[in-house]
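Engineer: These protein sequence lines are chains A and B, in that order. Following the working numbering, the numbering of the first sequence begins with 1 at its first residue and continues without gaps. Following the working numbering, the numbering of the second sequence begins with 1 at its first residue and continues without gaps.
In case anyone wonders, no lab produced these hints; they're calculated from the structure. Even glycine gets a Cβ: it sits at the ideal position worked out from N, Cα and C. Take the hints with a grain of salt, since some may be wrong.
[Claimed, not checked] Listed next, the stretches of chain B that the computed footprint assigns to chain A, with coverage defined by at least 3 CB atoms under 8 Å from CB atoms of chain A:
| # | segment |
| --- | --- |
| 1 | 23 to 30 |
| 2 | 113 to 123 |
| 3 | 149 to 155 |
| 4 | 164 to 170 |
| 5 | 272 to 280 |
| 6 | 318 to 325 |
[As the list claims (entries may be wrong)] Just so you have them, the derived chain B footprint on chain A, three or more residues with Cβ under 8 Å:
| # | segment |
| --- | --- |
| 7 | 158 to 169 |
| 8 | 243 to 251 |
[To be verified] Some chain B residues judged to face chain A by a derived CB distance under 8 Å, without partners named:
| # | residue |
| --- | --- |
| 9 | Lys6 |
| 10 | His76 |
| 11 | Glu104 |
| 12 | Ile139 |
| 13 | Gly142 |
| 14 | Pro188 |
| 15 | Val189 |
| 16 | Tyr306 |
| 17 | Gly307 |
| 18 | Val309 |
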Amino acid sequence: MPNMIVLAKQVLYTQDLRIDRTAKTLKTEGVARVISESDKNAIEEAVRLKEKHGGKITVLTMGPAQAKEALREAIAMGADEGYMLTGPDFENSDAHATAFALSAAIKKIGEFDMILCGETSEDQYSFQVGPRTAEILNLPQVTYAVKITLQDSNIAVERNLEDCYETVESKLPVFVTVSREINEPRLPTLMAIMAASKKPMTAWTAADIGLKPSELGPEGSLTEPLRSAVATGERKRVLIEGEPSDATEKLVTALVGEGVVKVA
Amino acid sequence: MRAAQKPDGVWVFSESPAVARELLSKGRDLAGKLGTHLAAVVLGEDVSETSKDLITFGADKVYTVQDPSLKTFQVHPYSAVLTELAQTYRPDVVLVGSTRSGLELAARVAERLKTGCCTECSKLDIDAEKKCVVADRLILGGNITETLMIRSKPQIFTLPKGVFQPLAKDASRTGEIIQVQPKTTESPVKVLERKPKQFASVRITEAEAIVSFGRGLKKKEDIPIIEELAKTISGVVGCSRPIAEDLKWLPIDQYVGLSGQKVAPKLYVACGISGQIQHITGIQNARIVVAVNADSKAPIFEYADYGIVGDLYKVVPALTETFRRLSSK
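Using the sequences and the hints, build the whole thing.
Structural biologist: Below, the structure is given as structure tokens:
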């Protein structure tokens, strides 16, 4: 019966983010905070493995106080308990500092056979926290999983790479990152979400997991953000009007002029 | 291995020789600005040809590690070797190709070296004031460009493939090939099988023309309208994320966007795609973007070079027809 820890990050729902092009700012007001997509797939996969093999699922998150909602949702999906790392010390941690904090929490949680998380987070898109955490914990890593088969103390994983699907085998314990293709996460019922509030959820500060503030946040990070700006992809923005036949004629002429189409 | 006396410039690594050539082009630029030299690292079973090839594409030296255990990419043995090389020869900067393998390798090696890493960088430059490499990368669904520096050495950056044009091959270039034999380790993860993916004749990431569609296309049965246009301009068909992920009308490898394929065609035609940043980020390296959309307020028009407001069911066949007429003249 596998003992699983799932790492899940709560992020702004990026698909609802809009740029105010005049003010050149990002509009985040009213944008929901949700579990990052492939992390949700990781929770779902753990629940499916538990349905088949039994075992236990612990969800671990790091973030502001609202991240508690992510734990509740994960529990409503089928996880057994949740831990969150929260407090100002954890804020603005880069991939290294984040992996460092998560690893310390995992060591405190104790025994596990498998750690799962999404291949990347929807907000930072760095693909780093999984492999970095695996490295700190000295675990074999199996990334981009689209199928997981558990057999005794072995795991077979099909991985999604650019040119092929690769099937690999590893002994437990192992660290697995999953791709979104792996499953369709279930939508927990309202009843399940309400019931989830009664399940155990524990918040830890840096001191609780034995870390110094200097090991976290900007000070504990190895990268340093210098500045940020709204992304503007500058294009020509020429609108071509008219009936389809006229408009397409004008368009094709323009494209030939740009040298981007081959016409005999 | 001997310990290096002084730091060792800019390195490039990719498990794909084609990507390594692209990285050398950017690496040459950075090494020039930093006043240092450029080295490539090549791992494999027999890589003497690749090593010589990379010198003709701009490397001053090549660190070559040959061992049967390195025949194909596996993250654990590759990380062990790359870490040991970096500890011995101490590069200042390491550029890694942002393939899926390159990403997991870069993160694992960076953590073992206790150094910072910026993945999927859209731009690398030298900060005049800080005299170091700074990276731009897109965050928050492609809405924000963040500029970062790395405080530790080596500074590891991963760069997307298909963005940098390799330098012209110069067969007369000479360079040093350094054979290294670090400790090799057996992978704790065993590869059982590799099933190649089936692709259309041209991969979307390599296509010169792409015709993509989004939710503006009402039924799966209507896809031939898009295919006809693609065929006419010798292009391939792509789509937006919901078409592949939610509706599953096209394979997942055909969707273009931040989390999907990042493409760099000469011509990109977006039909019935609203233009979420997620999608726009995937086409930022396209030369010319054309948008066809019924909604004149669709954000796609902000990110297009040419736009036609209209029903794609009328405009796309008309466009196909116009191209055909022109090519038959």
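Engineer: Each hint: holds or not?
Structural biologist: Here is how each hint holds up against the structure:
With 0 residues carrying a beta carbon less than 8 Å from a beta carbon of chain A, the segment 23 to 30 of chain B misses the three-residue requirement, and the given coverage is violated. Only residues whose C-beta sits within less than 8 Å of a C-beta in chain A count toward coverage, and the segment 113 to 123 of chain B has 7 of them, enough to reach three; the restraint holds. Using a Cβ-Cβ cut-off of 8 Å, 4 residues of the segment 149 to 155 of chain B lie near chain A, which meets the minimum of three, so the contact claim holds. Counting residues of the segment 164 to 170 of chain B whose C-beta lies closer than 8 Å to any C-beta of chain A gives 0; at least three are required, and the coverage claim is violated.
Coverage of a stretch by a chain is defined here by at least three residues with a beta carbon nearer than 8 Å to that chain's beta carbons; for the segment 272 to 280 of chain B and chain A the count is 4, and the condition holds. Counting residues of the segment 318 to 325 of chain B whose CB lies closer than 8 Å to any CB of chain A gives 5, so the stated coverage by that chain holds, three being the minimum. Under the rule that three or more residues need a Cβ within less than 8 Å of chain B, the assignment of the segment 158 to 169 of chain A holds, with 10 such residues. Under a criterion of three residues with beta carbons nearer than 8 Å to beta carbons of chain B, the stated coverage of the segment 243 to 251 of chain A is upheld, 6 such residues being counted.
Look at B:Lys6: its Cβ only gets to about 22 Å from chain A, farther than 8 Å, so that hint breaks. Taking 8 Å as the C-beta contact cut-off toward chain A, the hint placing B:His76 at the interface holds, the least distance being around 7 Å. Because the beta carbon of B:Glu104 sits about 5 Å from the nearest beta carbon in chain A, less than 8 Å, this interface hint is met. Residue-level restraint check for B:Ile139 holds (minimum Cβ-Cβ distance to chain A is 6 Å; threshold 8 Å).
Given the 8 Å rule on beta carbons, the hint for B:Gly142 holds: about 6 Å separates it from the nearest Cβ of chain A. Interface restraint check for B:Pro188: the shortest CB-CB distance to chain A comes to about 4 Å, inside 8 Å, so the restraint holds. This hint holds: B:Val189 has a C-beta 5 Å from the nearest C-beta of chain A, less than the 8 Å allowed. For B:Tyr306, the suggested interface contact is upheld, since its CB lies about 5 Å from the closest CB of chain A, less than 8 Å.
Because the beta carbon of B:Gly307 sits about 5 Å from the nearest beta carbon in chain A, less than 8 Å, this interface hint is met. With its C-beta approaching chain A no nearer than about 7 Å, B:Val309 sits inside the 8 Å limit, and its interface hint holds.
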